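2 protein chains.
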Amino acid sequence: MIDKKEILKAYQFRHACKLFDPEKIISDEDFSFIIETARLSPSSLGLEPWHFIEVQNKELRSKLKEGAWGATLKLETASHFVVCLTLKSSYMKYDSPYVADFMKNVQHHPEEVAQARRKMMENFQTRDFDLTDERKIFDWASKQCYIALGNMLTTAAMLGIDSCPIEGFNRETTDKILKNDFGVDTDKYGISYMIAFGYRANNPGPKTRRPIEKILTWKK
Amino acid sequence: MIDKKEILKAYQFRHACKLFDPEKIISDEDFSFIIETARLSPSSLGLEPWHFIEVQNKELRSKLKEGAWGATLKLETASHFVVCLTLKSSYMKYDSPYVADFMKNVQHHPEEVAQARRKMMENFQTRDFDLTDERKIFDWASKQCYIALGNMLTTAAMLGIDSCPIEGFNRETTDKILKNDFGVDTDKYGISYMIAFGYRANNPGPKTRRPIEKILTWKK
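Those protein sequences? They're chains A and B, same order as listed. Per my numbering, the first sequence starts with residue 1, numbered consecutively. Per my numbering, the second sequence starts with residue 1, numbered consecutively.
Worth flagging that the hints you see were computed from the coordinates, not collected in a lab. Note that this is a predicted model, so its numbers are computed, not measured. Backbone N, C-alpha and C fix where the C-beta goes; we use that ideal spot for every residue, glycine too. Take these hints with a grain of salt, some might be off.
[Said to hold, decoys possible] Partial list, derived from the structure: chain B residues whose beta carbon lies under 7 angstroms from chain A:
1. 5
2. 44
3. 52
4. 53
5. 98
6. 121
7. 171
Given the sequences, and given the hints that come with them, work out the whole structure.
What follows is the structure, encoded as structure tokens:
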């Protein structure tokens, strides 16, 4: 059990950090721990549809700027810079070899359990959530990656580390750069988001949020 | 700063709880705190595209079962049951009155800053992320709600509270129930997920995950 006051401090500490102190470097232990909480994050059917690339290489960081208009300063100053790839439909469709292999060799389901789960997944994808084209399946898998995103940002804040989640990039341009310069197989993976991690150069302004009564309704 | 060992304990504690002890009730203080960490979660452009309904009412819980094949036992046994609604495109499109009002009255941006941000948002939605129809905008807004999901599940675990995130429902049927029985304006809101919160009735099996080297690539 963790004290609520300590948790709240981390939520107050976290903000979308625009500029990092380039002299301050996150320890390997802390960075590994942030990724560990992504690894342990839940996902639909437990399929972990994510892969993270940590970009230290300066040339590759520079390349990313071509598509990522919202990341320029962060690519220049962040201690660690993560690209989150999401598994595409060739992996995430209910009848893919990936799903069959995952249920068998990662989740260790007996074949009859795996079959039942794949049938449930077929109903879910085709009937319940209308995940009936590439884009819809990608967006569904991407949502799972945003669970890991929330956890990584909060973990960082709990360790006193700043971060900035980034959607400020052109998806098509960035996927091309990932294919050509990073060797990513873009038939299988697409980018969901980027995150910069480091230590703030400046203090943030006040946090704005709607009050609780605007976001919560009780049905008693 | 929170000790890494304490954080890790919460990640190990959390699992998709299938059955809750119906006698054990979450305190108001703890439940409010879980929602508070959703409220303080980040979202794209800070637009907080979420609204949560906490369902205590037994008749309404029963109604939800009609569409939610994956929630039956949780609706019967969970201490608290949350439906997460996501704001649809009539709210979340760059040129909506909602966005303009939000930037002015929640985020307190001066008009010239708000205008620049709406222009950036137009480019982002129409050019960079191809958010060009209702469904694509909904899925993008929904992704933001999954950030809050990750945070709520982790907060709960840090307080020793069990949870289960649920996508096991028919979206169309459930949206109809939300419209007819909950009074939700489904032109403006659609369901993203449900979460059951409470205290476990049984102990979970071992957690399965791919090893770190399968989910992280370093570019040094």
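Outcome of the hint check:
1. Annotation: residue 5 of chain B was flagged as interfacial toward chain A, and the flag is violated, the nearest CB pair being 10 angstroms apart, outside 7 angstroms.
2. Restraint check, residue 44 of chain B versus chain A: the minimum CB separation of about 5 angstroms is within 7 angstroms; hint holds.
3. A hinted interface residue such as residue 52 of chain B counts as satisfied when its beta carbon comes closer than 7 angstroms to some beta carbon of chain A; here the least separation is about 5 angstroms, so the hint holds.
4. Checking residue 53 of chain B against chain A: minimum C-beta separation of about 5 angstroms stays under 7 angstroms; hint holds.
5. At its closest, the beta carbon of residue 98 of chain B sits 12 angstroms from a beta carbon of chain A; the interface hint therefore is violated under the 7 angstroms criterion.
6. A distance limit of 7 angstroms between C-beta atoms decides the matter here; for residue 121 of chain B the minimum to chain A is near 11 angstroms, and the interface restraint is violated.
7. Using the Cβ-Cβ criterion of 7 angstroms, the hint placing residue 171 of chain B at the interface with chain A is satisfied: the shortest such distance is roughly 6 angstroms.
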